[in-house]
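*Asks:* Sequence:
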Amino acid sequence: MEAIEKSQSNSPQLDNDDLKQIDADDLEDMDLKWQMAMLTVRVRRFLQRTGRNLGANGPTSMGFDMSKVECYNCHRKRHFTRECRSPKDTRRN
Numbered sequence: 001m002e003a004i005e006k007s008q009s010n011s012p013q014l015d016n017d018d019l020k021q022i023d024a025d026d027l028e029d030m031d032l033k034w035q036m037a038m039l040t041v042r043v044r045r046f047l048q049r050t051g052r053n054l055g056a057n058g059p060t061s062m063g064f065d066m067s068k069v070e071c072y073n074c075h076r077k078r079h080f081t082r083e084c085r086s087p088k089d090t091r092r093n
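So the sequence shown is numbered by full-length UniProt numbering: it starts at 1 and just counts up by one.
A hint or two may mislead.
FRET-style restraints, in silico, Cβ to Cβ [what the hints assert, rightly or not]: (1) Gln-48 <-> Asp-26: 30 to 38 Å; (2) Glu-70 <-> Leu-47: 24 to 32 Å; (3) Ile-22 <-> Val-69: 36 to 44 Å; (4) Ala-24 <-> Phe-64: 27 to 35 Å; (5) Asp-17 <-> Gly-51: 21 to 29 Å; (6) Cys-84 <-> Glu-28: 47 to 55 Å; (7) Met-36 <-> Phe-64: 28 to 36 Å.
Hints are computed from structural coordinates only; laboratory data are not their basis.
Note that the Cβ used here is the ideal one computed from N, Cα and C, for glycine as well.
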């Protein structure tokens, strides 16, 4: 029992005077920095899991590889149906 009491007495304890010296703005600043750090970790983990790259090009590098995309209307590659200039496929309802 004495060992527990001695180990607790050696650990730094904050008393009321110490707590009064902590500035609320400093606490808020530390909290915001912590939240930004955690958000950064989550974003990096998301990008690693999804295999997306948000580099200097920004959103242009994110998305589909247009060389592999096939139009469901004309069945040509490199564009989506909504961007297709061919007449609509009348076989589909």
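*Asks:* Take the hints in turn and mark each one as holding or not.
*Replies:* Consistency of the hints with the structure:
1. Gln-48 <-> Asp-26: 30 to 38 Å: holds, 33 Å
2. Glu-70 <-> Leu-47: 24 to 32 Å: holds, 26 Å
3. Ile-22 <-> Val-69: 36 to 44 Å: Taking Cβ atoms as reference, Ile-22 and Val-69 lie about 56 Å apart, which means the hint is violated.
4. Ala-24 <-> Phe-64: 27 to 35 Å: violated, 48 Å
5. Asp-17 <-> Gly-51: 21 to 29 Å: violated, 53 Å
6. Cys-84 <-> Glu-28: 47 to 55 Å: Once the Cβ atoms are compared, 53 Å apart, the range 47 to 55 Å for Glu-28 and Cys-84 holds.
7. Met-36 <-> Phe-64: 28 to 36 Å: holds, 30 Å
When the structure is compared with the earlier hints, violations turn up for hints 3, 4 and 5 and for no others.
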